[in-house]
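Protein sequences, first through last, are from chains H and W. Just so we're aligned, residue 1 is where the first sequence starts under full-length UniProt numbering, counting upward by one. Just so we're aligned, residue 1 is where the second sequence starts under full-length UniProt numbering, counting upward by one.
Quick caveat, the hints were computed from the structure, so don't treat them as lab data. Treat each hint with caution, since some may be false.
Identical chains share a label here; the pair holds if one copy fits it or two copies do between them.
Distance condition first, Cα-Cα at most 25 Å in a straight line; then the derived DMTMM-like pairs of lysine to aspartate or glutamate [to be verified]:
1. K329 <-> E167
2. K369 <-> E494
3. K499 <-> E26
4. K512 <-> D308
5. K111 <-> E500
6. K410 <-> D385
7. K356 <-> E405
8. K401 <-> D184
2 protein chains.
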Amino acid sequence: MAKTYKIKNCSELQAERLNFKPTLPEMFKNGPASVKVKLGKTTKSVADQATVKKMFPHTYGLPEISFVKGKSSADTKKAIKAAVVLSGGQAPGGHNVIAGILDGLKKANPKNRLFGFLKGPGGVLENKLKEITPTLMAQYRNTGGFDLIQSGRTKIETPEQLGQAKENILKGKFDAFIVVGGDDSNTNAGVIAEYFKQEGMHTSVIGVPKTIDGDLKNEHIETSFGFDTATKIYSELVGNICRDVNSAQKYWHFVRLMGRSASHIALEVGFKTQPNIVLIGEEVLAKKMTLAQIIDYLAKTIVARSADGKNFGVALVPEGLIEFIPEMKELISALNDVLADHESALEKMHTIEEKKEFVISKLSPKLAKLMKSLPAGIASQLMLDRDPHGNVQVSLIETEKLLVEMLHHKLAELRKAGKFKGKFSAIMHFFGYEGRCGIPSNFDANYCYALGYNAAVLALNKCSGYLSSVKKLVKPAKNWECGGIPLTMMMNIERRKGKEKPVIKKALVELKGEPFKYLVKNRDNWAKTESYIFPGPIQYFGPAHVTDMTTKTLQYEQAKKK
Amino acid sequence: MAKTYKIKNCSELQAERLNFKPTLPEMFKNGPASVKVKLGKTTKSVADQATVKKMFPHTYGLPEISFVKGKSSADTKKAIKAAVVLSGGQAPGGHNVIAGILDGLKKANPKNRLFGFLKGPGGVLENKLKEITPTLMAQYRNTGGFDLIQSGRTKIETPEQLGQAKENILKGKFDAFIVVGGDDSNTNAGVIAEYFKQEGMHTSVIGVPKTIDGDLKNEHIETSFGFDTATKIYSELVGNICRDVNSAQKYWHFVRLMGRSASHIALEVGFKTQPNIVLIGEEVLAKKMTLAQIIDYLAKTIVARSADGKNFGVALVPEGLIEFIPEMKELISALNDVLADHESALEKMHTIEEKKEFVISKLSPKLAKLMKSLPAGIASQLMLDRDPHGNVQVSLIETEKLLVEMLHHKLAELRKAGKFKGKFSAIMHFFGYEGRCGIPSNFDANYCYALGYNAAVLALNKCSGYLSSVKKLVKPAKNWECGGIPLTMMMNIERRKGKEKPVIKKALVELKGEPFKYLVKNRDNWAKTESYIFPGPIQYFGPAHVTDMTTKTLQYEQAKKK
């Protein structure tokens with residue numbers, strides 16, 4: 001890394017980032033040969049222990065692993081081959097995970113080799129792969145995106161798929177198989193680890209926690225990578241909008257933020273920018289709020305600000321909100337069934353009105369009434385094609401438009417009743433794709449590199465069925481602690497499509513957690529005032545308190561634990 | 001500025017930026033007392049000289065002014081009072097213009113005072129203002145937004161308004177009145193300068209060129225402030241999307257970019273990110289392209305990429321495109337008339353369908369046919385309320401949706417004909433508000449500070465009817481050249497609402513200019529390949545080639561002049 005690496009056709013910042021050297025946790029400074037495995041207690045799954053144990057006879061109850069300085073007992077003389085795959089949506093830092101794995105392997109033995117399966121787990125099934133050489137890697141260090149090997153959403157689940165994966169892993173003579181993904185992909189890694197052991201294979205299967213949504217975390221995983229960078233990008237934009245709002249003083253901006261289900265992103269962006277309203281899906285669910293109640297809540301804030309002469313503001317709407325509203329969840333679930341049950345009948349219809357009428361005729365009277373009450377655009381969006389798992393694609397539903405359209409009606413009513421005399425002009429935004437492939441922040445660049453390096457050390461120590469774990473993340477990177485957490489330890493049993501399935505528990509926003517409590521403590525003040533904060537764009541050079549700070553969510557969560 | 005200034009409730013970067021010290025052009029290093037006015041040749045307007053001269057008897061033909069080092073002939077012993085107003089949409093750097101004015105005035109004489117009229121020219125008419133003290137200013141240095149004094153879109157045009165402005169300027173005993181705005185606002189500044197001289201007032205009226213759209217430039221004004229920062233912000237986002245597209249390889253992203261009329265923003269963002277398609281409104285107009293021809297052009301690229309196995313790409317759509325399509329321009333103009341002529345009849349109608357039917361009945365057969373052929377959503381948007389000038393609000397028209405919807409039809413046709421076998425999934429974005437209030441780039445922070453300081457020097461030298469001019473912007477800030485350009489020099493006569501009006505000529509993208517020629521030379525290659533560049537977020541610290549570079553547009557334009 002001492003020499004300066006250059007590529008053609010790139011921006012000035014990109015060129016600089018190629019030569020950024022991530023900070024490695026202190027214990028890894030002398031390479032994998034100087035890292036010792038320390039075994040912790042044997043573990044059990046977070047819930048449903050008996051069932052999970054039965055499903056994972058070979059990988060249940062593994063001990064936690066932490067790494068400490070000392071002579072490694074791993075045999076580094078024999079060269080190994082490892083393969084990595086990226087699974088699911090993009091998150092900033094994926095390339096650094098791969099760089100960390102590569103550097104860890106090469107440091108242990110320059111003859112070790114790393115391969116990447118292409119386009120996600122589908123590439124494992126089709127045996128499409130390429131070698132990640134140091135020269136190839138040099139063009140991707142500290143960059144955003146997954147374009148080095150791409151990603152995909154295929155799962156390796158059926159007996160045929162598992163058999164195919166076994167065949168290709170054996171064909172490639174891989175000693176380790178590293179899966180970079182979210183909760184579902186890591187559940188899948190656990191299944192593969194179990195299957196490989198059952199089949200007598202020696203290949204280590206290791207997971208790496210990735211997702212901008214921030215919902216893959218637990219007692220042992222402080223955060224998933226990409227959440228830091230993505231929320232910083234969204235915060236830059238929301239902060240800019242807050243400043244615009246306070247300068248123009250004539251619009252309400254409604255910003256929908258990506259995040260498949262949990263509202264972590266909206267919460268973190270809320271902390272960083274302090275807008276007037278931050279909706280949290282988990283709260284809506286807990287309070288069993290109806291759409292009408294949410295509108296009442298929004299209208300109350302808008303009317304109160306208007307009474308102070310402020311016909312402007314900023315509201316954050318988590319993408320997943322719609323599925324947390326009990327009546328909407330029920331409607332979406334019923335629509336999923338109707339669309340699946342009458343696929344061929346619906347295909348023959350030509351207009352959306354015809355389809356809508358047909359669908360409504362199949363709904364219960366209560367849901368039919370709700371469906372009819374929705375703005376036409378939203379009703380159409382709810383009937384769009386489902387994803388491969390039969391779920392509605394929430395990113396396609398313009399919840400912010402639904403809320404604004406309903407607010408117009410509500411405020412017109414209030415105006416008639418003499419309770420609202422202001423103006424309400426709304427501008428809407430959706431931020432998602434903008435943040436998934438940003439240049440990773442220094443935090444994510446360091447974190448991902450450490451996660452990858454750590455995964456390599458786990459592989460060299462023949463640990464299988466583990467998730468790469470890097471902890472104490474609010475401390476400087478050199479003080480981070482590394483190790484492995486058994487994948488089975490994070491699992492519970494959930495019913496999916498009528499079947500009991502072991503899955504890694506998705507972390508929703510905890511209403512008793514410190515981050516949400518911080519919001520509750522401050523939001524009334526934010527609603528009334530313009531306490532806006534303007535984070536600005538991610539900085540990579542300059543004072544450490546600007547460039548290296550981590551998320552507020554993590555700070556609040558970890559502060560409590562001290 | 002030596003002491004560190006802090007404010008509560010702000011981000012880490014914000015805190016750092018408050019203490020950034022802009023680089024002042026060398027000639028201003030020793031303050032206004034050491035700057036001498038050098039008069040250039042007398043000037044004439046860019047066109048319609050006789051008419052403009054007749055309309056501006058007191059301010060026509062003023063000489064160009066450049067500043068050089070030397071003993072000033074201005075009397076700095078007598079303290080002066082100046083007032084500033086921000087006019088029109090936000091642009092990054094407005095606060096630094098004010099800081100530059102303040103510092104220039106105070107350096108000349110600590111007793112000089114600066115006031116800001118509030119909420120734009122409306123504040124001048126209502127005499128709402130506040131003093132900009134150094135303490136107040138310290139909270140806004142190098143920040144985005146116009147929230148220090150806000151802005152507004154009122155114009156000071158009618159005899160009553162001009163009289164009111166005179167009264168309040170005299171009441172405040174202002175020696176200088178500085179208008180920060182775009183082409184229209186600076187035209188207005190020229191009118192006020194002329195009026196004040198005609199009324200025997202000694203108050204200098206000075207303009208400052210502001211607009212993110214980049215369309216206020218000419219032989220003497222290299223660029224307007226804010227264009228650099230806004231295009232850098234949009235380029236960050238578009239670059240991130242390009243990386244996402246190349247990672248996921250399954251979507252076409254259509255990105256609409258703000259810019260009221262001219263396509264400079266789309267062009268600059270195109271240079272910085274090299275997407276597959278960059279539409280330029282001025283080219284569409286010059287080639288008299290119909291909507292159908294634009295769709296053909298887009299479809300051709302999509303089909304060609306698909307044939308190479310690439311069902312993905314990125315297309316940039318300038319917000320103003322719709323008004324450059326001759327048939328759409330005609331339709332919009334006819335709609336403007338119908339909406340104005342039948343306002344009360346339309347107000348009584350309750351549904352959009354009813355209104356649409358009524359409007360169509362008033363159009364010519366050709367335009368009625370076009371209106372009927374448009375997707376319902378777009379047709380509705382075209383009938384939305386007009387701005388105070390009776391113009392359609394292009395930012396509310398989702399041109400990207402129009403194009404995508406029509407592309408779906410076109411590609412379905414091509415598929416039937418066996419000419420398209422690929423997939424076409426589109427995701428749409430609109431970026432505008434995100435960029436108007438970003439933290440100004442180092443370039444804009446320096447440029448705005450110099451523009452403001454220069455405006456103060458013009459004011460101290462009693463120059464009226466001038467636009468603050470800072471040139472040689474591709475050189476380092478210390479080498480920039482400063483002076484004043486007569487506002488009348490940039491004017492020509494245009495017919496607006498049936499009346500001849502003197503206006504500063506709006507700079508559209510020149511099809512014979514170097515920037516557009518660069519696009520033409522490269523776009524076929526960009527269309528076929530993934531030559532994407534990822535600029536990343538604006539950097540404020542670090543190597544100068546990352547932090548201080550200016551726009552590609554300016555580089556190409558100025559390179560030619562060398």
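Quick rundown of the hints versus the structure:
no.: 1; hint: K329 <-> E167; verdict: neither (41 Å within a copy, 62 Å between copies)
no.: 2; hint: K369 <-> E494; verdict: neither (31 Å within a copy, 56 Å between copies)
no.: 3; hint: K499 <-> E26; verdict: neither (45 Å within a copy, 75 Å between copies)
no.: 4; hint: K512 <-> D308; verdict: neither (33 Å within a copy, 53 Å between copies)
no.: 5; hint: K111 <-> E500; verdict: neither (44 Å within a copy, 79 Å between copies)
no.: 6; hint: K410 <-> D385; verdict: between (31 Å within a copy, 21 Å between copies)
no.: 7; hint: K356 <-> E405; verdict: both (20 Å within a copy, 20 Å between copies)
no.: 8; hint: K401 <-> D184; verdict: neither (30 Å within a copy, 33 Å between copies)
Hint compliance for this structure: hints 1, 2, 3, 4, 5 and 8 are not met, and every other hint is.
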